[in-house]
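Engineer: Here's the letter readout for the chains.
Protein chains: 2
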Amino acid sequence: MLCEQSWLQTLATAAGIRPPPWRYTKMNKTRRISDHWLRTILTALYERREVTRAQIVRSTQLNVASVSLALKHLLSRGVILRIGTLQSTGGRRREVLKLNAEAGYFVTADLEGESLRFAVTNLVGDIRYRWAEDIEIGKCLDIDRVADGVQRLLDKLDHLERPRVIAVGISCPGYVEEGAHVSAVNLGWTRVPLLARLRKRISLPIFLEGSGRIAALAERWLGVAKNSDNFVYVVFGAGVGLSGFIDGKLLRGFKGLGGELGHITIDPDAQERCNCGKQGCLEAIVSSSSVVRQYLASKGHGHEMLPRARLADVFEAARRGDSLAQSVLDRMQEALTSALSFVTIVLSPEVIVLGGDLTSGEDLLLPRIREGVLRNIPVSLRRPCEVKMSALGLDIGLKGAASLAFHESMHDPKLLREICRPPLERHS
Amino acid sequence: MLCEQSWLQTLATAAGIRPPPWRYTKMNKTRRISDHWLRTILTALYERREVTRAQIVRSTQLNVASVSLALKHLLSRGVILRIGTLQSTGGRRREVLKLNAEAGYFVTADLEGESLRFAVTNLVGDIRYRWAEDIEIGKCLDIDRVADGVQRLLDKLDHLERPRVIAVGISCPGYVEEGAHVSAVNLGWTRVPLLARLRKRISLPIFLEGSGRIAALAERWLGVAKNSDNFVYVVFGAGVGLSGFIDGKLLRGFKGLGGELGHITIDPDAQERCNCGKQGCLEAIVSSSSVVRQYLASKGHGHEMLPRARLADVFEAARRGDSLAQSVLDRMQEALTSALSFVTIVLSPEVIVLGGDLTSGEDLLLPRIREGVLRNIPVSLRRPCEVKMSALGLDIGLKGAASLAFHESMHDPKLLREICRPPLERHS
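So the protein sequences, as listed, match chains A and B.
In terms of our numbering, the first sequence opens at residue 28 and continues consecutively.
In terms of our numbering, the second sequence opens at residue 28 and continues consecutively.
Keep in mind the hints are simulated off the structure, nothing from the lab.
Errors might be hidden in some of the hints.
Which copy? The list can't say, so a pair holds if one copy fits it or any two copies do.
[Said to hold, decoys possible] Calculated lysine-lysine pairs in the DSBU-like style (CA-CA distance at most 30 angstroms, straight line):
#: 1; residue 1: 166; residue 2: 253
#: 2; residue 1: 166; residue 2: 276
#: 3; residue 1: 276; residue 2: 253
#: 4; residue 1: 441; residue 2: 305
#: 5; residue 1: 276; residue 2: 441
#: 6; residue 1: 183; residue 2: 282
#: 7; residue 1: 326; residue 2: 253
#: 8; residue 1: 227; residue 2: 326
Keep in mind the model is a prediction, meaning the values are calculated, not measured.
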C-alpha cells in the first residue's frame, strides 16, 4: 500500500495536482488497523495479562507488522501499558506489555441469591465500587430496582470516570432467552423483557446472561479454570447446574437448554422426588436443601427446622464425627462422582470446578470425588483432569458479568473502538 | 477503491505516464475479493444447496456489495451456477444459485471396518468412482496400501479431471492425534505417523480425522442432522462412541478424548466386564457383540457361535417373536435410553442420530428410545429433540471424509483459491 501511495504522490506532485488527502489519511489511519487485530490483541492481553510482543505474535497468529501497528495505536491511546523489559537468552531486551486495567469500566449486576448486587469493575473485572440490597426470594422483583442500582453506581463516578464506562453486564438466575427475556422463579419473573425495560432507563449497552454461564466466564478468565478451553463448572445450591467451555466455546445447546445436570436420573430407585416431578434426579439427592433434609430426617427432625440449617452445618457435623452426617455425605459424594464421571467421559474436560454451597466442604469431599472420577475413567483414556473448588466466592456473578461485558464489547465494533479511544474523547 | 483507481488512471493518462499495471490488476482482482467472503459464501452454498442472492446476504451477514462482487467472481469461474429464477411476491424475479458440484473433486479413504474403501467424490460428497479391498482385522496394515488405493483412483481420472482434485480426506478408526498420528487396534497401529508417511507418496494436501468425528461431519452436512448446530451421532458396533456438534462446533474435548460414551457406567451391578476393564460400562451391555453374546448365552450357546451371528440376527429373532431375543433387546434399549437421556439433558441436542449396526433394528428400537428419552426430560425443559437413524449406510466414512476435505480446504487460503480458479489454470 505504501509503495502505491508514494508512487501516487510523486506522480501527483509531478503533474501539479493535489490528490484528495483525506481519503488517503483514512486508509492510512483507520483502515490499516483492523478491528480484528485490535480484538485479537486485546483479548490475548486480557487472557494472559503480561506478555511480550513475540508472545502476542505467537498466540494471535497475526503477522508481525499488523501486531506492531496495532500495539503502537493501543500504546498511544493508553489502552495498553509498557511495564518493563525482559532480558532474553540472546541478550536482546524484550518489552513486557499489559492491558491498562483502568482504560475502561463496566457496571455489573448480579440478581442471583438473596440480594441484588451491583459493582463498578475495571476492564479486567477488579471491583472498584459496590452496592447491595436485599430482596425477597419468590416475590416479583421490580425491574426499576435493577435500573436504580445501576444508576446509583454511575452517579458515584466522577466526570473523568463516567465517560470511561463501556457497558453494563448482568447475571440473571433462571433462564435467559436470547439475551433478552428472563424467567426466574426466585425473582417471580416469567419471560420478563428485562433487556428492553432496562434500555428505557439506561443509555449504555447492556448484556444479559444466565448465572451459570456467567460463572463459567468468571472461572475461565478470572478463576481456577485459568484460560482452559475445556472445563466444566458445576454449581450447588437449591439446584445443581453445569456450565463450561467445550473446545473454547461456551456450552449452550439447542435453545440454550444445555447443562441441566441436576436432572439426570442418577438413581431410579431413590425415594426422593425432584421438584421437576421425576424420580431419582441428581438434584433431588445432592442439592444443598436435599442433603440438609436427609440429614435432619435421619436425626428424626421434621422439615420445620429446614430454613435454619445449612449445608455447611452438615459438613461441620461430619467433621465432628457425626456418623449420620457422614453417611448422608457418603451418598452425596457417590451420586456426584457418578455424574461427574459421565461428564468427564463424554466431554473430556481438563478441569472440573465445583462451586456454590459445596466449597465449604472441600476437605471432606474433594479428595474422594477426585479419586472416584479417576477410577471411573478407563485406563486407556486416562489423562490429567483436575477437580477444583471455585475460589471466587460471592463475587463470581459480578466478576463474570464484567467478563461477559468485556468479551461482548470486543465483538461490537462500536464498543471496541470506544475502548481504544483516548479517555477524553469517549462518548463524544 | 474504484474511485481512487479511476482518478489515478486519469492522472496517469494526463501525465503521459503508464502506471505499473500488474500491481493494480492484483489489487483489483485479488485483494478486493477477500478469502473471508469466498469462504463464507461457498460454505453457505454447500450447506443450503440452492439459494438466492438475498438468502446469501441474510445468512452470511456480508454486505450486499461484497456478496455481489464475490458471486460475480465465482460465477465467472464456474464455481457456482445459475439454475433458474424465482418469482418473488413483489413480482421481482430472483436468481437461484447453486455450487457447481463438479468444480472440484476429493479423493477419500475409509479405513474403518473390514475393508479399505476409497472414492473420488465431487465437491458436495457425491461418489464418482470407488474402490475397495479387504483387510485382516487386527493385523498391521501396510500404509503403502492406503497410498496405493489413493493413487489407483487418481490414475483413473482423465487429464481434465485430475487437475481438479483439491485434496485427500481420510477417515481413520481409533484415535487420531492432532490430525497426524493414528492408534487403532483394528489396523494394528500404535501412534503410526500416517500423515507424514502418506505425504511422501501423495503430492495432494491430506486431512485425517477419527471415524466418529468424520461420521458427525457426514451427518451434519449430508445426512439426517441437516445443518443442525446441536446434534449428537452415536455409533454402535464393536464399541459405542459419540460424536457431534455442540453450538456449531465439532465436539473434541481436552486431548481430543471427548465422546467415549461407551465407557460411562450405566449399571454398576452388571455382570459384564468391559474390554476397558471396568464393570457395567454402556458398551459392555449394548455393543453389537455384547448383545449377540447375551442372546446366545440365553439360548445356551457358547462363544463359539459368535463370529457367525450378527446383531441383525437378534433383531430378526425378536421380530419372529423369540422372547429371549426380545428380553435381551429390552435390556439394551433401557441402557441406551438412560445414556441418551443423560446426553440430552447435559448437551441439549436438537437431533440424536443413531448409526452403525443399530440401523437394522429401527422398527424395534426407535419408537421406544424416543419415548424413553422424552420421559426422562423434566416437563419444564422439554423441547423438540428428534431421535433418528442414520441413512448414510456404509458410505458414511467416504462422504464424511469428503466433507472434512471441503471444510479444511475452505480454511486453507491456497486450497480456497484453488477451488476458485478456472479448471484449466489449476495446479499450474
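Engineer: Hint by hint, note whether the structure agrees.
Structural biologist: Evaluation of the provided hints:
| no. | hint | result |
| --- | --- | --- |
| 1 | 166 - 253 | neither (37 angstroms within a copy, 44 angstroms between copies) |
| 2 | 166 - 276 | neither (35 angstroms within a copy, 39 angstroms between copies) |
| 3 | 276 - 253 | both (15 angstroms within a copy, 21 angstroms between copies) |
| 4 | 441 - 305 | neither (47 angstroms within a copy, 55 angstroms between copies) |
| 5 | 276 - 441 | both (23 angstroms within a copy, 27 angstroms between copies) |
| 6 | 183 - 282 | neither (38 angstroms within a copy, 48 angstroms between copies) |
| 7 | 326 - 253 | neither (42 angstroms within a copy, 55 angstroms between copies) |
| 8 | 227 - 326 | neither (53 angstroms within a copy, 73 angstroms between copies) |
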